[in-house]
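Asks: As a plain string of letters, each chain reads:
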Amino acid sequence: MHGLMSLVVGALFAAGVYLMLKREILHVLVGLTLVGNGANLAIFVASGARVAPPPLVPDGLDAPLAGHADPLPQALILTAIVIGFGVLGFALALARRSTETLGTDDLDRLPTTEGQGT
Amino acid sequence: MASWLPIWTVALLAAAALAVPLVRALPRLGPCLLALVPGAAAAWFGAQLPHVAVEPLAWSHPWVPALGVDVHLLLDPLALAFALLICGIGAPVVVFAGGYLRGKAVAAPTVAGLLAFAAAMLGLVLADDALFMFVCWEATTIISYLLVGLEYEKSSARTAARRALLITAAGGLALLGALVGLEVVTGADTLSTTPALADGAAVFIALGVLLAAFTKSAQVPFHVWLPGAMAAPTPVSAYLHSAAMVKAGVYLVLRLAPTLGEVWLWRPALLIVGGATALVGGLLAMAATDLKRILACTTVAALGCMLLLAGVDHPLALGAALGLALAHGLYKAGLFMVAGATEKVAGSRDLAQMDPAGARMPWILAVTAGLAGLSMAAAPPFFGFAAKETALTVALAGGGGAAVFGALVLTLAGAAFVYAALAVAREPRGASGKRLTVMVIGPPLLLALVGLVAGPGSGLLGAALLDPVAGAAVGLAVWHGVGVPLGLSLLALALGVVGWRRRAAVRAAAPRIDRAADPGWHDRLWSHVVALAGAVARAVQPVALRANLSVILLAAVGMVTFALLRMRPPSAWVGSPMPDAIDVMLALFLLGGALGAVRARGRLTAIGALGAVGIGAALFYLRHGAPDLAMTQLLVEVLTVVLLMLAFRGLPDLGPRRTGAERRWSAGVALAAGGMIGALVYVAGAVDLGPGISTWFSTQALPEGYGRNVVNVILVDFRALDTLGEVVVLAVAALGALALLARRSEAQS
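Going down the list, the protein sequences come from chains A and B.
Take 1 as the starting number for the first sequence in my numbering and just add one per residue.
Take 1 as the starting number for the second sequence in my numbering and just add one per residue.
I should point out that these hints are in silico values taken from the structure, not numbers from a laboratory.
By construction, the Cβ of each residue, glycine as well, lies at the ideal position given by its N, Cα and C atoms.
Heads up, some of the hints might be wrong.
[Stated by the list, open to error] Computed footprint of chain B on chain A, listed as stretches where at least three residues anywhere in the stretch have a Cβ under 8 angstroms from a Cβ of chain B:
id, region
1, 9-15
2, 23-29
3, 36-44
4, 50-60
5, 67-79
6, 82-96
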C-alpha cells in the first residue's frame, strides 16, 4: 500500500514543482499548495500509515485501542496544514497587491530592485 | 596578587564601554580620566617587576565547566614585558587621541576602540590556555578592523580595513588549527606546561603558528596590509600598528618558541621570512614620502628584525628580540604621534612638501621628534641603542651571520633616514599655523623621555624582563664598549644620513621599489575572488524565480540520490498490506487532481483541481485513523479555494506563456523532484524505526494531559510551546496580509 502512496506523493510533488516553475503567480501559488499537500502526505505515509483506529481514548479505558494510528505524525501534520494555510493567505495578499500595483502577474516581468548578480 | 590579573582586563573593557558618552560629554577631561585605567594598570604591572621573575603569578577560573574549559592567566616575565608595553603606551595614546581628534565625530569611538583593543591585547598576553588566547587573538583582529575602518565614508579606509581583516583573519584560522593540534598532540591544559615538540604533527603546528604570526606581524608577503592600514586615524596607527597589534605575532613566536623551537621548520622560516621582511620594509621606507607610510614601512622592517632574531640559534636570541620589541614600541608610538602633530601644524605630513626654506617647526615638536627619532636610529644613549647593540651582539655571535646584520643595518639605515628627515623638516609656507595642545604634544614627549631614561636604566629592565625570557643574562646595557656592534650602528647612521642627502635619487627609484616590494598580489587575488563569487552567484542564483528554484531542486535531487545509492539496505523492511479497492480509488483521485492542476488552462480549473487534491488527502487521512487531520484539511481546503478565487477575481488572465523548451525543462525538473520525493517516502516508510516516543504520548495523554484525544493533547499540552509558535506565525501572516490589503484600499480611496 505504501508503495502506491509513495507514487502519489511523488506525483503531487512533480505537479506542484511543474506549476511553481510557471510564470503566472497564481499557478505558482497553486503549485506551492500542492507541494504542501504532498509534504503532509509524505510525513503520513513515511511514518507507516495504515487502516487503524484513531488515537482516541475510549470512555472507560485509559489508553487508545491496541494498534491505533500513530498520534505524533498527526500532530506534526496538523501544525503544518495550519501554517501552510497562513503562508498561502499572506502570499495571496502579496500576489494580489503586486499584480495590481505592477500591472502584471508575470514573474519574469517584475521589475528587480537590484542589478543582475553583482 | 594574582586575582588582579583579570581585573585589569575587565577594567579596560569597562572604560571602553564608558568612553563614548564620557568623551562626548567631556572632550578634554574625558580621555585623560580614561587614560588613568591603562595608566594604573601599567603602574601595577611595573610594581610586579621585581617579583615576577622569581615567581610568576597565575590565576584560573572555570569558564565552561561542562566541557572542562578553564581560563588560565599567567603573568611571567614575557607576559609582563608585553603588558607594560600595552598599558604603558595605551595611556598616552588615549590622551593623544582625545587631543588630536578633539571636535571630530570619530574621537569618542576611537578612544572606546583603543581601550577595548587594550583589553583584548592584555588578555592575549596574559592568557595561558589556548582557547582564551585564541578568543583574544580574534578580538584584536576584529577591533582592529573596526578601528582602521572608522572613517568608513572613505573608500580607501574601507578597502584598507577589509584587506587587514582578510589577511589577519586567515592567520587566525591557521592559529586555530595549530592550537587545536597542540592540544590534541600534547593534551596539556596550559601553554606554560606544554612540553617541547620536535617532529611529526609538530611541523604542521609550527606552520600554523608561523602563518598566524607572519600575517599579524605583517611579514612578507603578508606585509601589504600594514601600509594601507595607515588610513586609520593617527592615534590608532600609533597604538595598533606600532606598539600593540603588530607585536602580537612577535609575542606568539616568543611564547611558543620553547615548545616549537626545535621543529626543523621553525628557525629557517623565521630567518628567511624575517630577513626578507626587514629588507623590503627598509627599502619601502626609503621610497615613501608620507610620514605615516614611512613609519609603517620601518615598522614592517623592525618586525622582520624581531622575528629574524627570534629565529637565530643563540641562547640569548629570544631576549634580544624582546628587547627590540620594547624599544620599538616606545619610540614608534611616539613617532606616530609626532607625525600626527606635524600634520596638525604643517597641514601636511608629506616630506616632499616640506619646504627647506619654510619656517622652523615649533621647538617642542622638533625636540620630541629628535628624541624619538634618535632612539629609532639607535643613537646612544637611548633605549633603542641599547636594544640594538644587544641585538647586533646576538646576531654576530649566533649562526644567522651576514643575513642578520645585513638586514639590521638596512633597517637602522631606514630609521636614520627618518630621523634625518624629521630633524631638517620645515613647515611648508602658508602652513595652517595651528597651535599644539598639551594633549597632542605631551604624550609623545613623555614616551620619548621614557626612551631616553630607559637607555641608561636598561640594565635593570633587562635583568627583570629579558634575562628570564632568555634563561640567561642577555646583558642589555647602554654601553657595550667599542666593538663591531658599535661600528655597525655608526655605519647604519652614516648610511641613513647619506640616504637622506641623496634622497632625490632614492625617490626616483621609488616606483620600481614599490612595485618590487608590493606586487599587489592581494588586490589581484581579491578581485579574482569577487569575480569568481559573482560568476558562481549568477550561475546558481539567477534572478528569475524559475531558474533559482531549478538549481535548488536539482541540487537536492543530486544529493538525495547520492545518499540513497550509498545507503546500506536496512536490516528490517516493514511489510505493507496490498492496496485494496478503496486505496486504489483514492490514489487515482489524487493523481487525477494533480494531473488536472498541471493540465489546467484557466485559473478556475487549476483551483478546482487543487481543491480535489485537498479533499482526496482529507479522505485518505480519515481512512487511516486521523479524523482530526481530515477535518482540518477539509476546512482549510475550502478556505483555500475561496481565498484563491477572491484574490484573483477581476484580474486579467493572460494565458499560458511558456515556450516549448521551457515546458520541457520544467517537466524534467518536476519529474526529477517528484521521483526523488517518491523514492524517499518509499524508503523511509519501509524502514522500521520502532515505536519511538509515540507510545509515551498515547499512554500518558489521559493520566498526564487529562484528554482523550491524543493528538489534541500533544498540541495543546505536551508540545504547547510549538503550538504557541504556530499561532504567532498565523497572527503575523494575518497582520501582513491585512497591511498589504489595507494599503490597497487607501490607494484606491
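Asks: All hints are to be evaluated individually against the structure, with a verdict given for each.
Replies: Verification of the hints:
{"no.": "1", "hint": "9-15", "in the structure": "holds (count 7)"}
{"no.": "2", "hint": "23-29", "in the structure": "holds (count 6)"}
{"no.": "3", "hint": "36-44", "in the structure": "holds (count 6)"}
{"no.": "4", "hint": "50-60", "in the structure": "holds (count 10)"}
{"no.": "5", "hint": "67-79", "in the structure": "holds (count 10)"}
{"no.": "6", "hint": "82-96", "in the structure": "holds (count 14)"}
Checked against the numbered hints listed earlier, the structure breaks none of them; every hint is satisfied.
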